[in-house]
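K.L.:
Sequence:
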Amino acid sequence: MIIDLTTVRQDSGPSRLLDMVKGRFKAVFKTWLAARP
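Using my numbering, the first residue of the sequence shown is number 16, and each one after it goes up by one.
Quick caveat, the hints were computed from the structure, so don't treat them as lab data.
A virtual CB, placed ideally from N, CA and C, is assigned to each residue, including glycine.
Worth double-checking, as some hints may not be accurate.
[What the hints assert, rightly or not] Taking CB as the label site, the calculated pair distances span:
1) Thr46 to Asp26: 17 to 23 angstroms
2) Ala49 to Asp26: 27 to 33 angstroms
3) Thr22 to Leu48: 25 to 31 angstroms
4) Pro52 to Leu32: 15 to 21 angstroms
5) Trp47 to Val23: 17 to 23 angstroms
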């Protein structure tokens, strides 16, 4: 799971689920992040 915790840290709302990707977190996150504009 890739979750945006920005609003939680800023105390302005709930976390947001950005994506569900199967695999080991570090490699999956790097690939997922690289695919974003």
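K.L.:
Taking the hints in turn, state whether each one holds.
P.N.:
Taking the hints in turn, this is what the structure says about them:
no., hint, in the structure
1, Thr46 to Asp26: 17 to 23 angstroms, "violated (31 angstroms)"
2, Ala49 to Asp26: 27 to 33 angstroms, "holds (30 angstroms)"
3, Thr22 to Leu48: 25 to 31 angstroms, "violated (19 angstroms)"
4, Pro52 to Leu32: 15 to 21 angstroms, "holds (20 angstroms)"
5, Trp47 to Val23: 17 to 23 angstroms, "holds (20 angstroms)"
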